[in-house]
Structures are given as C-alpha cells and as structure tokens.
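Chemist: Chains as they are written, first to last, in the UniProt record's numbering: chain F, 1 to 217; chain D, 1 to 217.
Hints are not guaranteed to be accurate.
No copy labels: a pair is met if it fits in one copy or bridges any two.
What the hints assert, rightly or not - In silico lysine-lysine, DSSO-like type, Cα no more than 30 angstroms apart, as pairs:
| no. | residue 1 | residue 2 |
| --- | --- | --- |
| 1 | K201 | K140 |
| 2 | K118 | K131 |
| 3 | K201 | K131 |
| 4 | K118 | K140 |
| 5 | K25 | K201 |
| 6 | K25 | K131 |
| 7 | K118 | K25 |
| 8 | K118 | K201 |
To be clear, the hints were calculated from the coordinates, so they are not data collected in a lab.
Number of protein chains: 2
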Amino acid sequence: MAERVLHNYFRSSSAYRVRIALNLKGLAYEYTPVHLNRNGGEQFAAPFAALNPQRLVPVLSERGVDISQSLAIIEYLDEQYPQHPLLPATAADRAYVRQLSLAMACDIHPLNNLRVLKYLSGPMRQADDVKQAWIAHWTKAGLDALEQELARAPQRGRFCFGDTPTMADCCLVPQLFNAQRFNIDLAPYPTLRAIDAECQKLEAFAQAHPARQPDAE
Amino acid sequence: MAERVLHNYFRSSSAYRVRIALNLKGLAYEYTPVHLNRNGGEQFAAPFAALNPQRLVPVLSERGVDISQSLAIIEYLDEQYPQHPLLPATAADRAYVRQLSLAMACDIHPLNNLRVLKYLSGPMRQADDVKQAWIAHWTKAGLDALEQELARAPQRGRFCFGDTPTMADCCLVPQLFNAQRFNIDLAPYPTLRAIDAECQKLEAFAQAHPARQPDAE
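Turn these sequences into a full structure, and let the hints guide you.
Modeler: So, in structure tokens, the structure goes:
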C-alpha cells in the first residue's frame, strides 16, 4: 500500500481540484482509477462503495485516514503540509478564498456532474437539448457571479487571490475545463480566463489535466 | 449599522446553518431579511445583488467584511471566536467534520434549493410529481450515504462528531428540516434522527429554527 492514494477519475472535476493541490504541494501519490462510467459505475461496487458511502470520487487515503469531499481533502492537505499554502494568512482572506471555492463546489459543479446528467436523461427522459440548456443555465449563473466578484475584487492578483494559487484556483481551472467541454462560451469571462491562463503556465496545473491521467480516454 | 448583520431568509437551510453557528458561539446579530420569493426575489435587486453577485443568502457582514457561502461563514466564525469550537482539534478530525458538512452542502442542498425547483417547474415545465421525485431522489441519495457513514463512525457521539455540536450538526439539522418539509420518510435514518433529537434539546438550535425567525410566514 502506497503512503498516499488518490481514488480518482480523470474527468471528475472535483478529483482534478485535488490533483492540482497535491501537485502544488509537491506531494507524490498513487493514482487509483475508479471508472464512473464502466461496469455500471465502479464507484457503486466494493471496495470503493465501502470506502465512501457517497459513491463519489475523489477519496484521499493517507496513513489510515480516508477523506472524501475535495474541499475537505484540500483543507486537510493545507493543514498537514505547510509548503505552498492554499489558504491566505488572515481569517477574512481565508473566508474569501473559501467563499469563491464553495461558489463553484456547491453551486455550479454538483448541478452538472455525471450523476445529475444521467438522472436528467434517464428517469426524467429529457432530450439532449434540454440537458444542454440545463448545463448552460447553471454554469452561466455561476460563472457570471464569479466574474462579477473577481473583476471587482481588490484581493485579486494574477490568481483568484493574490499572486500565488490558492484553493480557489484549484476549483476554477477544472470548472472552466468543464464549461469548455460542454461548449459554454467563455467570452463573457475575461477575468476568469486571465486567471486560468496564469494557472495553465504552471506545471502543477498542467500535470493535473484530465488528458494527462493514466485512465484518460 | 449593527456590528454584525446576517442577511437572511427564514426558510433557507444554508442561512439556518449559520444562525445555529452564531447561537452556539453566543454571538448577537442583526437579522436582515431578504425575501427570496417576493417582489420577483429581493436577492436579485439592489442592495443585495451588489453585496453578493451570487444572489444567494446568507451573507454575514461584520466590521467591513462581507462573507457569502454558509460554510465559509461558519469557518470564519470559528477562527475569529474560539468559544465553542465548531471544528475538532486534529487535522484528520477536522477533515471528517468538513467531509460530512460538504456532503450536505454540496451534494444534497444545492440540488433541491428554491432556484433549482423553480427551474424545474418553470423553463423545464416539469409536473409537481416529477419535481417531488427529483427532491426525493437526491435527498435520499444523500441521507442514505450519511446514515451509512455515521452509523459506523467511531467518531460519532451524541452529535455527528463527539459530544458537542460541530459544523456538521449545523448542516444536519437544517437538512432534516428540509427533508421533512418535502415529506421524505426519515424512518430509514435512525442515526441521523438520534443526532437531530440531541440537537433539538439545545436552545442554540431551537432559536435558529425557521418558524422562530422574524420573517417567518
């Protein structure tokens, strides 16, 4: 058993957040793929379903501790490994970075993830264009608010907060990746795109990209 | 201007979380109602829309700092006011409480909040029974996983973690309130109901209940 295992799926944007955080901190990990779309969903079978009753990736396993929920994992990594802090130094600034992160992790991503899209086309029998309108609606609502917030924020630097990447950037890059995958026009989001471009220059972000994972298709 | 203002809506379960946290810490606040369902939604108009571009309650305003996202607010309160800690002492235990909280804040609540239900019945023209099936599906998926997790957890005490309420309990009680409001059968969740019953004994939880807020209908 490796010292640190990330139960992972290349295209999961919440797993992508954690991969970025691990890379920023320079922490090596074993990549254990959990294929969300094969064999009826490997997350529903043993051993993963016992590891995380939510049946969602990612899960980080480290020294007998298993943690699910990407933001809980990132906060844990930040507390355990002080190199490259992913949260700022003051309570108000940490609140700001958490607020940005949660705006994506609560109010954009969960509405558009695989299990919700499957429910729309499965039990609800919605056509592809209705599903696409759903994705566009929630993505745009979320990105519109983020753009408005970040465009005016004195805290913003090259990244969401200041000039080094934080947890908020770990969330932003996968969220924009997702948006592009679903053909959302990013033209109305110049601030978000500028931050994304800064992130893409860093190896920690590049190596976390879905296309570069061992289970990429 | 009061020292501390909570922009609030009595029935918002994310606002309810923050009211519990403020009460547990014994922090007085001014209650500023933002009616989500009147005048086309007061959250879409000035001054609230400028305060929070996400147009979502709650927002905490304190000494010139405005924070949205309930979990960001609770973490901020916990860092600023050490009385009655809402997160445990070790990194692994904090990760566990955050994981439980995020399982509700990301994967149950955002799928069933007012704006989503309005989208289902509005642009998607779904009948009430389809909407009710949607609510039941995501609530049960979330509560099933939480019950399974908490029933087996050695960390559980009278509350989600140990014998004093944490951020996870601030999330659980509003989530169960919501589930009951939508007629979800709570019989399959004995562990969750037992924790809820312990919480209900405390004045901090009772005073935060939607029915006891100044804008309650």
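Chemist: Which of the numbered hints are not met once you compare them with the structure shown?
Modeler: 3, 6, 7, 8
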